[in-house]
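Got two chains here, each in a separate frame; can you build the complex from them with the hints?
Quick note, the sequences are listed as chains A and B, same order. Residue numbering for the first sequence follows numbering that gives the first Met the number 0, starting at 0 and increasing by one per position. Residue numbering for the second sequence follows numbering that gives the first Met the number 0, starting at 0 and increasing by one per position.
Heads up, a few of these hints could be off.
As the list claims (entries may be wrong) - Which chain A residues face chain B? A few, computed with CB under 7 Å, are given here: (1) LYS69; (2) ALA71; (3) ILE72; (4) ASN75; (5) PHE89; (6) LEU92; (7) VAL100; (8) GLY101; (9) HIS103; (10) ASP105; (11) THR110; (12) ILE114; (13) THR167; (14) LYS170; (15) ASP210; (16) LYS212.
To be verified - Here are some, though not all, of the chain A residues that point toward chain B, as calculated from beta-carbon distances under 7 Å: (17) ASN104; (18) GLY113; (19) LYS136.
These are calculated hints, taken from the structure and not from any lab test. Owing to the predicted nature of the structure, the values given are computational and were not obtained by experimental measurement. Cβ coordinates follow ideal geometry from the N, Cα and C atoms, glycine included.
Spelled out from the first residue to the last, the chains are:
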Amino acid sequence: MALLDVTGLGISFGGLRAVDNFDIHIEKGSLYGLIGPNGAGKTTVFNMLTGVYKPTDGTIVLDGENITGKKAIQINRDGIARTFQNIRLFKELSVIDNVKVGLHNDYAYSTLAGIFRLPSYYRQEKAMNEKAMEILKVFDLDGEYDYLASNLPYGKQRKLEIARALATDPKLLLLDEPAAGMNPNETKELMETIQLIRDKFDMTILLIEHDMKLVAGICEKLTVLNFGQVLAQGDTSEVLKNPEVIKAYLGDD
Amino acid sequence: MKNMSKQLKSNLITYGIVIVFYLLMMILKGTGNLSSLYRGLLVPICVYTIMAVSLNLTVGILGELSLGHAGFMCVGAFTSALFSMLLRDSGMNSIVRFIIAILLGALVAALAGVIIGIPVLRLKGDYLAIVTLAFGEIIKNVVNVLYVGRDSNGVHVSFKDAASLNLLPDGEVIVKGPQGITGTPNDSTFTIGIIMLIIVLFVVINFVNSRSGRAVMAIRDNRIAAESVGINISKFKLMAFAISASMAGAAGALYAHNLATLNALPKNFGYNMSIMILVYVVLGGIGNIRGSVIAATILTVLPELLRGFSDYRMLIYSVVLIALMLFNWSPKILDFRSKYSVKNWISKKRDNKEEV
Numbered sequence: 000m001a002l003l004d005v006t007g008l009g010i011s012f013g014g015l016r017a018v019d020n021f022d023i024h025i026e027k028g029s030l031y032g033l034i035g036p037n038g039a040g041k042t043t044v045f046n047m048l049t050g051v052y053k054p055t056d057g058t059i060v061l062d063g064e065n066i067t068g069k070k071a072i073q074i075n076r077d078g079i080a081r082t083f084q085n086i087r088l089f090k091e092l093s094v095i096d097n098v099k100v101g102l103h104n105d106y107a108y109s110t111l112a113g114i115f116r117l118p119s120y121y122r123q124e125k126a127m128n129e130k131a132m133e134i135l136k137v138f139d140l141d142g143e144y145d146y147l148a149s150n151l152p153y154g155k156q157r158k159l160e161i162a163r164a165l166a167t168d169p170k171l172l173l174l175d176e177p178a179a180g181m182n183p184n185e186t187k188e189l190m191e192t193i194q195l196i197r198d199k200f201d202m203t204i205l206l207i208e209h210d211m212k213l214v215a216g217i218c219e220k221l222t223v224l225n226f227g228q229v230l231a232q233g234d235t236s237e238v239l240k241n242p243e244v245i246k247a248y249l250g251d252d
Numbered sequence: 000m001k002n003m004s005k006q007l008k009s010n011l012i013t014y015g016i017v018i019v020f021y022l023l024m025m026i027l028k029g030t031g032n033l034s035s036l037y038r039g040l041l042v043p044i045c046v047y048t049i050m051a052v053s054l055n056l057t058v059g060i061l062g063e064l065s066l067g068h069a070g071f072m073c074v075g076a077f078t079s080a081l082f083s084m085l086l087r088d089s090g091m092n093s094i095v096r097f098i099i100a101i102l103l104g105a106l107v108a109a110l111a112g113v114i115i116g117i118p119v120l121r122l123k124g125d126y127l128a129i130v131t132l133a134f135g136e137i138i139k140n141v142v143n144v145l146y147v148g149r150d151s152n153g154v155h156v157s158f159k160d161a162a163s164l165n166l167l168p169d170g171e172v173i174v175k176g177p178q179g180i181t182g183t184p185n186d187s188t189f190t191i192g193i194i195m196l197i198i199v200l201f202v203v204i205n206f207v208n209s210r211s212g213r214a215v216m217a218i219r220d221n222r223i224a225a226e227s228v229g230i231n232i233s234k235f236k237l238m239a240f241a242i243s244a245s246m247a248g249a250a251g252a253l254y255a256h257n258l259a260t261l262n263a264l265p266k267n268f269g270y271n272m273s274i275m276i277l278v279y280v281v282l283g284g285i286g287n288i289r290g291s292v293i294a295a296t297i298l299t300v301l302p303e304l305l306r307g308f309s310d311y312r313m314l315i316y317s318v319v320l321i322a323l324m325l326f327n328w329s330p331k332i333l334d335f336r337s338k339y340s341v342k343n344w345i346s347k348k349r350d351n352k353e354e355v
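So that you can see chain B by itself, here it is in the shape it has in the complex (with noise of 0.2 Å):
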């Protein structure tokens, strides 16, 4: 049918874009013209990404504002690295030990997203808003007491202090409270960043794409309708909360495994990135998909060009948040681009020479 060959266009020029900028990046980066500050970002910019998708999911398709993303992040992140930390010297090939940690990043955070989702997704607007906010914060302060070690005797954890974990002397610790974990295996490349990047936008695309993100969409407009025609409310918020939560917690394993140390800190974990994510998913258009993977890489990337302006930079980043704003959603600037976009000029050249 025409409608599904135009969302199949619409998708693979999402991938398509995801790719181009892979292999320009590679060619840059193969050359040499790629600055060590931007080869830096290459990475944040997949976990932001990833972050932005995610959150697109419960915010756009599900239709309910969660500002607890960072904390679903900080899941993954921390359980991803402890894994890896447990098994740094067990000769464990690192690319595979990867996989595993992202995995098991994902799924704790996706477990992490059900036992949240089940009293939150009650609520709804505003109310659903604060006390995931509230939650993300819970998350964070958790894990800055949370001191896990390892000795002969097997795996230790507390939430008082290191010496309570009564290690004997061979034991080492490996998360310590608020400094967190130190020398988590730098895995993380930005190749695999996009491969996950592009695996989790097939699986947020298709899942919109199909029956269940449907009834996702249907209770998104209508509730009592949804009901009416027989679809478990619940049953899908939730699935669809879990989904967005489980893929934070893959972004933040590709997070936690590009730093030497990884602490939650309310610049990381904090409800700062939580509303960070949201501008990138209401730049990017809420619902839209490929907005928000566009919105989030300029907007990784814009501070970064803005650092010759020093003092000004964040005057400036706001201001550009503005104009992109406007630029987006301004009636009278959409209806300027319809009328001079790429799109319609070569239409136009085109019906110029059938003229000729």
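Chain A on its own, in the form it takes in the complex (with noise of 0.2 Å):
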């Protein structure tokens, strides 16, 4: 069985049919993309996903249990955490602490305990901040630790994004447009970080992007999404082969 199973998932807004009838089904450890033009509805399906927004239809089995429906909180503590197309930083905090507001449910000491430093604040203070640094570390973040979230530049503000992301111990990535606003380089090196962290935390990632060579690159799996609906869905290299996805992106000539 595979680890996300979407069927028939629809959600209008008044009249308008933003997503229809979407399929897809995330074997687990793979890397999938979601494409399609701009207004598609790639994002809305990402809301859906992660309780943002409620679908009007379908249903979103993670893992075997049904999460249609649920909050957002709750669908974060199921497993399913994410990125933002445009960067949601705690732009106040540090980078460490960023990271550690990620790791807020494992380590739940209570309030009082934190107020009066209880053993317990301090020992799940230690572990935290060892566990925000391995994390860090994988990132190549562990060197600004301290910085605010804000003084990061644009790239590593991604990766912290997906950092944080990763400290809820999610069974299930989202990424929304990891690449957006990236120069060749920091694309190359954000790919190979994916790759990296699906091997070393055995992670499953669905992403959405519009930089073709690095859907191409990394992605085992697409969906294409066009007005809504899926155009084409399979492997990568059959689907980019697609007429119908290349009239899609490219128009009709």
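Set out below in structure tokens:
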């Protein structure tokens, strides 16, 4: 059974059918791409998967558990973490604190323990720091752990967002245009990082991307979305050769 | 880790400033160098610094502009004063009674914070500010029509007038509506005020540097992202708001036990007070706890220092406010300050010595 089974997913905003009859099946440990022209509904799919929007139809099953219509917090606890198209870091917190917020539910000492500095505070803060540094090291951010997140260069902010999502210990990681605004060098580095995450954390990754080089380079399977509907689905090389897909991207001759 | 020790150092400086200030005042008081005017200011300084620190938790850490903070102070003041009045003749040790009164004031204010916070914290920005302003006024006005009396049958409460309490001949009216509470025991001292301030600082600083505080700041910086990493938004917002309210309640208890007559006037529990506390917070730096302490102290003493200017007092007060604001926030002055700061000067001297 696949890790994520989505069948017949759809959402309407008033009279507008933004996504219709969307199916996706992602195997554990795979790197899956979701592509499509602007306005195709890719981010809307992400928002439904993470509980930001409530789907009007269809079901989402994660690891055998139906999570359709659950709230964002609950879905994160069930094992889906995400990054955002426009970076959403905790700007006034340090780099390490951003990751520690991601560890929030794994090291759950009480507020009173925090205020009165009970032993559980010291024990868990220490474990949290170690865990956070371990994650930061993977992203080569450990040297900047005490910087304010807003002072990081753009590419590192993107990485930090992924690090924070990983800190919540998800089963499925959703990346929304991770390479947006990156130069070719940064993109190349990002591709390596994404593959590293998959191998090191045994992570299943679903990503939205416009950079075809990145998609063709690392995704094993693709789903192409156009006007809210699935246009093509399958192995990356085949999908990218599909005339329908080329037409949607490049237009009719 | 390095940033931990930096944090610790900064916190120790904050506690140090408070303790040095306390010792200084005690020495001045002991040697008789403090006029009665300034002696009378010592407890209010504690009250307003606690208020500023607690409001900073809402405005700076939680990032919500609250304009009704004096309302929580009012709740704490009247709860604690009522308690002290009820137990005034019970022969209880006055310090024990006062501590219970403070805790009770803080608890009831926290409860008020939860009750008001549940609807209010669903709002954002300007709307939240306006609604908190309204709640602050509502609390003040409710207290103004509150009558509480006691006789051999027990305690009676009315929202109409003293007569409708139906007291027996042996009864006495404790809370007399707009006339408030008269004869509250004067339990507040500078020492208790400073101890309370240190406890408040301890709670706020430790809260900010813990898991819950990080969650609150994460919500402030980006609510959607905080939700996406599994943080319970309403829980932590409400928690910060309630802690902030409870500290305002404790400050209210200190305030109430410093006065012979306690009544809810626009001057002490109205929006004027809320705005004044907000001025302390903004001048001291939003989110900067130590700044709140310093700004509240200076701005509480300042009007008294300016008494010599009589009619022009408030004019000069506002000029000083503007000057302080520039001193703290103007980029050019900040540059100038970092260039000529004491820290810089000391390290330069040391460098020179090493060269020689």
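Hint check results:
Because the smallest distance between the Cβ of A/LYS69 and any Cβ of chain B comes to about 12 Å, over 7 Å, the interface hint for this residue is violated. With 7 Å as the threshold, the beta carbon of A/ALA71 comes within range of chain B, its nearest partner Cβ sitting at about 5 Å, so the hint holds. Hint status for A/ILE72: holds, given a least beta-carbon distance of 5 Å to chain B, under 7 Å. Restraint check, A/ASN75 versus chain B: the minimum CB separation of about 4 Å is within 7 Å; hint holds.
Interface restraint check for A/PHE89: the shortest CB-CB distance to chain B comes to about 4 Å, inside 7 Å, so the restraint holds. About 6 Å separates the beta-carbon of A/LEU92 from the nearest beta-carbon of chain B, less than 7 Å, and the hint is met. For A/VAL100, the suggested interface contact is upheld, since its CB lies about 5 Å from the closest CB of chain B, less than 7 Å. For the restraint placing A/GLY101 at the interface with chain B, the shortest Cβ-Cβ distance is roughly 5 Å, inside the 7 Å limit, so the hint holds.
Contact between A/HIS103 and chain B, as hinted, is supported at the beta carbon level, the nearest pair being about 6 Å apart and thus within 7 Å. Proximity of A/ASP105 to chain B is violated relative to the hint, the smallest CB-CB distance being about 9 Å (cut-off 7 Å). About 4 Å separates the beta-carbon of A/THR110 from the nearest beta-carbon of chain B, less than 7 Å, and the hint is met. Using the Cβ-Cβ criterion of 7 Å, the hint placing A/ILE114 at the interface with chain B is satisfied: the shortest such distance is roughly 5 Å.
Satisfaction of the interface hint for A/THR167 is found here, the shortest Cβ-Cβ separation to chain B being roughly 5 Å, below the 7 Å cut-off. At a threshold of 7 Å, the smallest CB-CB gap from A/LYS170 to chain B is about 13 Å, leaving the interface hint violated. At a threshold of 7 Å, the smallest CB-CB gap from A/ASP210 to chain B is about 23 Å, leaving the interface hint violated. A least Cβ separation of about 28 Å between A/LYS212 and chain B goes past the 7 Å threshold, and the interface hint is therefore violated.
The interface hint given for A/ASN104 is met, as the beta carbon of that residue sits about 5 Å from the closest beta carbon of chain B, less than 7 Å. Hint status for A/GLY113 relative to chain B: holds, with the closest Cβ pair at about 3 Å, below 7 Å. The interface hint given for A/LYS136 is broken, as the beta carbon of that residue sits about 14 Å from the closest beta carbon of chain B, more than 7 Å.
Violation of the numbered hints given earlier is confined to hints 1, 10, 14, 15, 16 and 19; the remaining hints are satisfied by the structure.
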